[in-house]
Structures are given as structure tokens and as C-alpha cells.
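Q: Construct the entire structure; sequences and hints are all you get.
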Amino acid sequence: MPLVSAALLAIACGQAHAQSSVTIFGVADIGYVHTSANGTAGSVSRSQLASDGNTSSRLGFRGTEDLRGGMKAGFWLEGALAIDQPGSLTLQRRSTVELSGSFGEVRLGRDYVPTFTNLTVAYHPFGTNGVGNAGQLFYPVAAGGTTSSTHVRSNNGINYFSPNVAGYQANVMYAFGEHLSNEGATKQNDTYVGGRVSYANGPLNLSAATGKTKFATGDYTQSNFAANYQLGAAKLMYLWGENKVGVTKTTSNLVGVQYKVSGTGEVRAAYTDLKAVGVANDATQMTVGYVHNLSKRTALYTNYSVVDNKGTGKQFVVGGGDKTTVAGGNTTGYEFGVRHSF
Amino acid sequence: MPLVSAALLAIACGQAHAQSSVTIFGVADIGYVHTSANGTAGSVSRSQLASDGNTSSRLGFRGTEDLRGGMKAGFWLEGALAIDQPGSLTLQRRSTVELSGSFGEVRLGRDYVPTFTNLTVAYHPFGTNGVGNAGQLFYPVAAGGTTSSTHVRSNNGINYFSPNVAGYQANVMYAFGEHLSNEGATKQNDTYVGGRVSYANGPLNLSAATGKTKFATGDYTQSNFAANYQLGAAKLMYLWGENKVGVTKTTSNLVGVQYKVSGTGEVRAAYTDLKAVGVANDATQMTVGYVHNLSKRTALYTNYSVVDNKGTGKQFVVGGGDKTTVAGGNTTGYEFGVRHSF
Amino acid sequence: MPLVSAALLAIACGQAHAQSSVTIFGVADIGYVHTSANGTAGSVSRSQLASDGNTSSRLGFRGTEDLRGGMKAGFWLEGALAIDQPGSLTLQRRSTVELSGSFGEVRLGRDYVPTFTNLTVAYHPFGTNGVGNAGQLFYPVAAGGTTSSTHVRSNNGINYFSPNVAGYQANVMYAFGEHLSNEGATKQNDTYVGGRVSYANGPLNLSAATGKTKFATGDYTQSNFAANYQLGAAKLMYLWGENKVGVTKTTSNLVGVQYKVSGTGEVRAAYTDLKAVGVANDATQMTVGYVHNLSKRTALYTNYSVVDNKGTGKQFVVGGGDKTTVAGGNTTGYEFGVRHSF
Numbered sequence: 033m034p035l036v037s038a039a040l041l042a043i044a045c046g047q048a049h050a051q052s053s054v055t056i057f058g059v060a061d062i063g064y065v066h067t068s069a070n071g072t073a074g075s076v077s078r079s080q081l082a083s084d085g086n087t088s089s090r091l092g093f094r095g096t097e098d099l100r101g102g103m104k105a106g107f108w109l110e111g112a113l114a115i116d117q118p119g120s121l122t123l124q125r126r127s128t129v130e131l132s133g134s135f136g137e138v139r140l141g142r143d144y145v146p147t148f149t150n151l152t153v154a155y156h157p158f159g160t161n162g163v164g165n166a167g168q169l170f171y172p173v174a175a176g177g178t179t180s181s182t183h184v185r186s187n188n189g190i191n192y193f194s195p196n197v198a199g200y201q202a203n204v205m206y207a208f209g210e211h212l213s214n215e216g217a218t219k220q221n222d223t224y225v226g227g228r229v230s231y232a233n234g235p236l237n238l239s240a241a242t243g244k245t246k247f248a249t250g251d252y253t254q255s256n257f258a259a260n261y262q263l264g265a266a267k268l269m270y271l272w273g274e275n276k277v278g279v280t281k282t283t284s285n286l287v288g289v290q291y292k293v294s295g296t297g298e299v300r301a302a303y304t305d306l307k308a309v310g311v312a313n314d315a316t317q318m319t320v321g322y323v324h325n326l327s328k329r330t331a332l333y334t335n336y337s338v339v340d341n342k343g344t345g346k347q348f349v350v351g352g353g354d355k356t357t358v359a360g361g362n363t364t365g366y367e368f369g370v371r372h373s374f
Numbered sequence: 033m034p035l036v037s038a039a040l041l042a043i044a045c046g047q048a049h050a051q052s053s054v055t056i057f058g059v060a061d062i063g064y065v066h067t068s069a070n071g072t073a074g075s076v077s078r079s080q081l082a083s084d085g086n087t088s089s090r091l092g093f094r095g096t097e098d099l100r101g102g103m104k105a106g107f108w109l110e111g112a113l114a115i116d117q118p119g120s121l122t123l124q125r126r127s128t129v130e131l132s133g134s135f136g137e138v139r140l141g142r143d144y145v146p147t148f149t150n151l152t153v154a155y156h157p158f159g160t161n162g163v164g165n166a167g168q169l170f171y172p173v174a175a176g177g178t179t180s181s182t183h184v185r186s187n188n189g190i191n192y193f194s195p196n197v198a199g200y201q202a203n204v205m206y207a208f209g210e211h212l213s214n215e216g217a218t219k220q221n222d223t224y225v226g227g228r229v230s231y232a233n234g235p236l237n238l239s240a241a242t243g244k245t246k247f248a249t250g251d252y253t254q255s256n257f258a259a260n261y262q263l264g265a266a267k268l269m270y271l272w273g274e275n276k277v278g279v280t281k282t283t284s285n286l287v288g289v290q291y292k293v294s295g296t297g298e299v300r301a302a303y304t305d306l307k308a309v310g311v312a313n314d315a316t317q318m319t320v321g322y323v324h325n326l327s328k329r330t331a332l333y334t335n336y337s338v339v340d341n342k343g344t345g346k347q348f349v350v351g352g353g354d355k356t357t358v359a360g361g362n363t364t365g366y367e368f369g370v371r372h373s374f
Numbered sequence: 033m034p035l036v037s038a039a040l041l042a043i044a045c046g047q048a049h050a051q052s053s054v055t056i057f058g059v060a061d062i063g064y065v066h067t068s069a070n071g072t073a074g075s076v077s078r079s080q081l082a083s084d085g086n087t088s089s090r091l092g093f094r095g096t097e098d099l100r101g102g103m104k105a106g107f108w109l110e111g112a113l114a115i116d117q118p119g120s121l122t123l124q125r126r127s128t129v130e131l132s133g134s135f136g137e138v139r140l141g142r143d144y145v146p147t148f149t150n151l152t153v154a155y156h157p158f159g160t161n162g163v164g165n166a167g168q169l170f171y172p173v174a175a176g177g178t179t180s181s182t183h184v185r186s187n188n189g190i191n192y193f194s195p196n197v198a199g200y201q202a203n204v205m206y207a208f209g210e211h212l213s214n215e216g217a218t219k220q221n222d223t224y225v226g227g228r229v230s231y232a233n234g235p236l237n238l239s240a241a242t243g244k245t246k247f248a249t250g251d252y253t254q255s256n257f258a259a260n261y262q263l264g265a266a267k268l269m270y271l272w273g274e275n276k277v278g279v280t281k282t283t284s285n286l287v288g289v290q291y292k293v294s295g296t297g298e299v300r301a302a303y304t305d306l307k308a309v310g311v312a313n314d315a316t317q318m319t320v321g322y323v324h325n326l327s328k329r330t331a332l333y334t335n336y337s338v339v340d341n342k343g344t345g346k347q348f349v350v351g352g353g354d355k356t357t358v359a360g361g362n363t364t365g366y367e368f369g370v371r372h373s374f
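Protein chains in written order, with my numbering: chain P, 33 to 374; chain F, 33 to 374; chain Y, 33 to 374.
Not one of these hints is a red herring.
Remember, identical chains collapse to one label, so a pair may be satisfied in a single copy or spanning two.
With a Cα cut of at most 20 angstroms, we get these calculated SDA-like pairs of lysine to any residue:
| hint | residue 1 | residue 2 |
| --- | --- | --- |
| 1 | Lys246 | Tyr144 |
| 2 | Lys276 | Gly167 |
| 3 | Lys244 | Thr149 |
| 4 | Lys276 | Gln220 |
| 5 | Lys246 | Ser77 |
| 6 | Lys281 | Ser180 |
| 7 | Lys219 | Asn70 |
| 8 | Lys219 | Tyr64 |
| 9 | Lys328 | Gly102 |
| 10 | Lys276 | Gly227 |
| 11 | Lys328 | Gly295 |
| 12 | Lys219 | Ser77 |
| 13 | Lys276 | Ala312 |
| 14 | Lys307 | Gly343 |
| 15 | Lys281 | Thr344 |
| 16 | Lys219 | Gln117 |
| 17 | Lys328 | Glu97 |
| 18 | Lys104 | Lys328 |
| 19 | Lys328 | Thr96 |
In short, the hints are calculated from the structure, not lab data.
A: Structure (C-alpha cells):
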């Protein structure tokens, strides 16, 4: 058995790692989804294979470098995958250069806006995935000519994360709209500013965030507040969210739980109530689900969700797969799938 | 010379591999291709650099994970490359999540249909590459409004492969069309079901497959049967294939050989006869080629092929490069190139 | 502390590297850019985050294999990145298969044309990046229906590089236009031929290149000559370039310097004078900049540039970010950013 020198090790491990330690990572999540709707035009359903019932599928490349004085530089390039019907690899999930140190971290490029963090699976039982995903009742409804492109991420952003101080952590982001100075009414379109503050103390987590994007047709403002408490095996969750698009508004309140069972499983449940002003309609969503971990990296899951539209707008539907043409009335969805991380 | 601990090893080899062993793989194949045609409008030719004369160029990412009880989970993401005039990396060659074990393997996502296996280089002297590629006379001809999108792969598929039992192996695939239940005549469009059974016993290989895709304008059905026999340095090959598109039909019979010479080379030859009913025209194709392996991963190759169209349809051409505008009559092509696998 | 065998090492380092040593590499460069113009329609400005102020952002995959007799085979796949507003990963920076040995190197596919080498940062103080990039006054101006697609790279190319012999090195490239032989006047469009010869002797570097692309609307010819001399910490640079598009012509002369300071920094300055015949207008560009290396892989940078258009054409602008709508008159730009290589 020969001994191996560090030099030989570097050669054996390949030039890429010796140079720069690029990490390839990702998630591949796919399952069966059935959605149905009872609308004014009768009832309709669809059976699909669809991606992302548990976690958003992705392929990414990232790395960091130690600089002098405890500083680090890094990059992060990440694109979404549609495992069921793949297309181009488009690096729009995240594309940043980072500098970090004792002052915190600055990221330049395309990244999540601060308010999105409160809609992830750390603060919402299902995060923004599957039939019960947070996007259904916590994302904005287009109104008055304004369709938000910044409720999840923004291009052209300067994103600052503070260090964690006694449980407090802050995040502030500014993004350029990049219009010409003489463009007129739309010259500030897409300009974004937002922030988030969180506090963690033992079993308790609190997080509040807000952000505004300028649009000549009516600004878009998103605000939310999340609180959760770990009570034994149960993580009790509360989430409030508000989207203002021009003069319209939707406000949602969620109560939910993630409950660990038998070492490898997690039961999830959520109930959301949405009130709409000047757009769409009131609605509620109820979702239950179960995640069974086969390993740290692989899980089976199943979810069931119902959206009940109040009034005549009939605007909201369950998530999962191709939602656009399952329109109107109350909608129901269920799914079972497999999520593999790498 | 320092000794290296397993922990240090993991650090030195990079986070990606310690976490998940992502394998990057691919093929880069490019060469010179000359095609010419003698048609009703005179003769025409074209000189090109083109990809894929020997093997389809690709870039892919894959990995597997051992689960409990002999099970494995895995993912496979693979896109085509055009080395000569590259475009977006589009992961449409294969995009699947897999679960495997003693029961066989299930793949979910976009994958090859079972019938395609019988057109690969294991069953056709040239596979589906280069001037003599199987696609020319074994792929369907669009007819009656139906253009097949499933004669190679299908989106939204559940693909099952049995274990090998005494030389027998089976493959069954179902793919969702994903239309709304009230869509009308086209609601089953793109729904695919197919299967393949193969038998291997020493020098003998047999493989039969069939598959059907629903289309309101006329279903598409592909069937084929392959037999080959290893006789010393020669692999003798027979392939039958039939494509029904609506009420039309093309049927092809091939005899061919792959003959190993001098340890590093392989001579290939194929003769195909196609009969057409209700579409296109009868045709024959004759191809000879040679592959010279510079190593396990790199080869030089050359191919020569002639397609002879019978009757007035003049529909079929040799493969290789940009075929679409070399139309009509009999066509001839030759190429020489280099294929590098990684 | 256990000892590690070579076999265990191969397993630990992952299948990809054991098989084929694929190297993942790239650059992520992003910064703040402000551009302004004083034109006939008044003055206008724009603030942006933009990529590539110092070096073109990219993600690539490459590898080589040793063959018998000192030969090597390899592949190179590289796509551009827009860190600020990412899109599809499109492998159009370079896509080649290579064979190399004592005879030199042959690359097949999409690659840089020989004349482009003389516009890179080895021969121009700022290369083709940032507000002062060489592309502004050294790239062709579209005229008479001809818009060059080959002043940086060409598809479908055969690119030969000689070995270095006593300081002399040569590069010749031919690229196929790939049109049908009976296409008429445009049948040679996009056909490219070009070459470059360089000589290096101690502090002195000389490089001359020329290339022509056929277009029915008027051929495009680019020629350039670069000379630079390392004088202590200063690299003194001279560059001449000429673009003929049909009957029009632009000719540029640059003097510049790259001056190393304090071990980690480099001051850069350039002055370019452009003369135009039959198209656009005469112009000058003056740029100064500074690069501060935080490490071998990471640098901060800042640049300032002014383009002064003579006459009424007002055609030229500083580089950096979204230039297309900052039109007319004299333009000014400044930027500061971070470049991270991996």
C-alpha cells in the first residue's frame, strides 16, 4: 500500500479542484400530480409528471476562495431544472459574486429578495413547492398593468447580509432598474429596495421583511412576518403576508406545522386565509403532506391541497405542474414524488 | 512525504465529491462532411464542419446514492452539443431521477423510448450518427398532420427496466400527454406507451420493441426487431423496422456488419431497403465506414453513404450536417472526423 | 491516521476525475457602471450593475487525454455569463475538439479568429472589457448590408497553431460558410480565412494578423498589428487596426501602458485615434484604470473612459453595460467592480 503525498493527491484529484474547488450541486425532484377544478364551465382535471413537488430542481456551480485578513471571495451560479420536460439551462435561480468577512457578506448580481426568505420551507410548512406551495396565496396578483418580476428574485442587485449578533441578523438589498435618465414616467421601473430582520433564540424564530419595486403603472410592495416555535417534535408556524400592487392588495394569514415522526418522516399541514381588496377574490387553502426520508439526500413525499375561492373572481388554484389551464372555481390537487439532492 | 488521513483527503478532493460524487461526462465529435444530391432541379452540394459523425456530442451530469436495503437513487442530466456551431445547453437528451434495486430500475422524466434502443450502434452498424445514420430510413415520415416527437425520446415518462433474468431483459415506458380532461379530440395527444424485450445468449442477441403515441390527426406506431450474431471478429446484424403514421407506413430491412481489424479498427457496412405506403417513396441506402481508435476515448472515423430514392417522392437523403436544403433525387455523402469522449 | 492507497484515492476523488479529468473553470466579473452622453437630443445617463468590466464572465468545461507518440486529444466547451442578469448557458465562447503534438495544435469547431488575439489584454491595455474596451474603436461598423459575425469568433472553423520556433509562432484559420453550391450570390457568405504571426524576444512582442470573411453585400476584412515592450514595471503598447466593410473603412491607432505598482496593483492607460472613410465618423477614446489584486484569482478594479466623436456621425460610445440606448455625441463612462476567477 503506497503512501500518498500531498502533491500526488492534488494531481490525482484533478486540476479543477487543485485550482479552485468548484462545487457542483443540485436537486432533481419529480412526481405524479393530479389537479382538478370545479368552475363555472364545469369540471376539468389533468394528470401529469411534474417537477418540484418537494424542492425546486436545480443545477449549480459555486466556490469560495480565502483572501487575506479573514476575507473570502466566491461565486454562485444556479439554474432551474424541469426534470419532466427539460429545456435550456438558464442560470436565473442565482448568479452572484460574493465578498464576505467579519462585516458580513455582500453579493452582487441576481439573487433572492429579502421578503422571499420568509416564504421558504423554514417559515412555511411547504415552502414554494408542490400543490400546497406558498406561491399560490402569498405571491402578488397582477393589477393595473403591473406584473411583478421581483417577488422572488431581482436582477442587478446589491445584497448585504449582516453577521449574526446575539441572534439578530439583517439583510438589505438594492437593485438597479437600469433605465435611461430621460426615459420619462418609466425611468424608475424595476428599481427595488428591501430589507429583512430576523431573531432566533432557542426554539423561537421571528422574521420580518418588506420590499418595494417601482413601476409607473403602480408600485409593487411586499411585506411579511413569520414566527415559529419548536415544541418537541413539532415546529409551529405562523406567517402573515401582504402584497400591494398599485391600489390593490392581498393579505394572507397562515397557521401550520412541521411534525417529525419516527426519525425519518415529517408530517406537514397548513391553513391559509387570503383577503383581497380591489383585485381577485378572497380564498382559503388547506394542505396536508408527508415526507419520508430514504436518506439525507433522497426522500419520497406526498401532498394534498384544496383551494376554496370566495366570490366570483375564482382566481386562485393549487400549485403543482401546469396550472395555467386548470382555471376557475375550487381546485384540488394531490401528488406523490421523489426528491434527490446532490 | 507526509501521510494523508481520510479526513484530509475529503477536504483536498473538494466539497462536491465528498458530498455527492457528481460525474461530469460527455462526447465531442466533429468532422468534415460533404453531401451532394442529383434532383429534378439539377445537382447541388455542400461542404461543412458538422458534429456527430460517429457519436452524438453531449455534456452531462449524473450521480448515484446508495440507500438502505440494496436500493440506489440517482439522477441523470444530459444535453446535446453542436461543436461546430454551438447554442444553448439544453438538457433534452436525458433528464431523469432513478430508483433501482433487485426489482430493476424506474426512471422518471425525459428518456429514450424503448424502440429507440434497437436503432443504436449496438443493433445498427452506424447507430443514429453520420451520413449513414439509422434515422434516415428508420425514423417516421410526417403525414396527415402528425409529426412524431416521440420516436427517439419522450417527456413526462415513467420508464421501467427489469433485471436481467437468464439473458432476458424487459423495458416498459408510459408517458403522460398532460392535456386537460375536457380538451376534446386532442386530449390524448402525446400519450405514449411502449415496450421492449431482449434476449442475449453468448454470441446471439435478439431484441423486439414497439410503441404507440396518440395523435388526433393519426396515431404514430413504431415497431422494430433486431438480431445480431458475433462470428469471430464480425458482428453480423439484421434490423427490421416499421413506422405507421396515421394510415401511412414505411418499412425498412437492414443487413450489416461491424468487423474488428488490427486491434484498433472497425470496418462497418450496412444496406437498408425501405418500402413506403401512402407517403414518401421507396428507397435504399448503402453505407461503408471505418473507425480507427487512437485510445479508448478518442477515435478517427470516415463514412461514405448513398441513398437511392425510387419513384417521384425523392424524400430521403443521407445524414450528416445540415440536411434540410440538400433535397431531391439520389444523395451521396462522405465524412471524416474525430470523436473524443470524456 | 490511516494510510491511503492509490485505489482508495481514486474512489474518494470521484468517478469523473478517475475517468477523464474534466476541468470546470470560469470567471465571474460584476461591477457598477455609470455611462453618460451629450448628444444632439440633450444629455442622458444610466446607472447599472454590469458584467465584464475587467474580464469576460464565463463558465467552461475542458479536458485533455494523452495519446500514443506524444499526441494529445482534448475538448473545450465555454459559454458566456451575464452575472447581473443571467440567461441561458450558451457555449459560444469556444466549442472545439483539439489534437496536438510536435506539429502544433489543430482545433475544430467554434473558436477565436486570429485577428482577435491582438485585441486582448496582452496587446491592448484594457482588452475587450469595460468602459475602455477595444471593441469600441477596433471592431467593424456595419455598412452596406454587411454586419460582421466573425470579428471575434467563427463557427465551423479549422484552426491551426504552429509550435513556437525561436520566438516565432503562427496561427491560420479557415471556416466554412456552409451554403449550398447553387445558392447564387450569397453562396460564399460567412466563409472565413485568416492568419496571424507573432514574435517574442525578451521584452519585445510583435504580432500581425489579418482575416477576410466573404459577404455578397461587401466582404469584411480585418487587419491589425501590435507591438509591446516591457520596460521595467511598464509594458508599453502600440496597436494598429483596420476594418474594411464593403467599400468603407475604419482605421485605429492606440498607444497605451500597463504599469505594475506595489506588487498587487496595475495602472492602465490608453489613447486611441480612429479615422473613418465612408461610414460613421472620426473619433478618439481615452481610458485610465486601476486593477488591485486581492489574490491570484480575485481583483477589484476601476476604469474611466471618454469617447469624443468628430463630425456628425456621433457613432461611437464607451463600453460597459447596456450601451445601445446611450446614443450620440461624446460619451463618458466610469465603473468599479470585482473579478473572481475559478
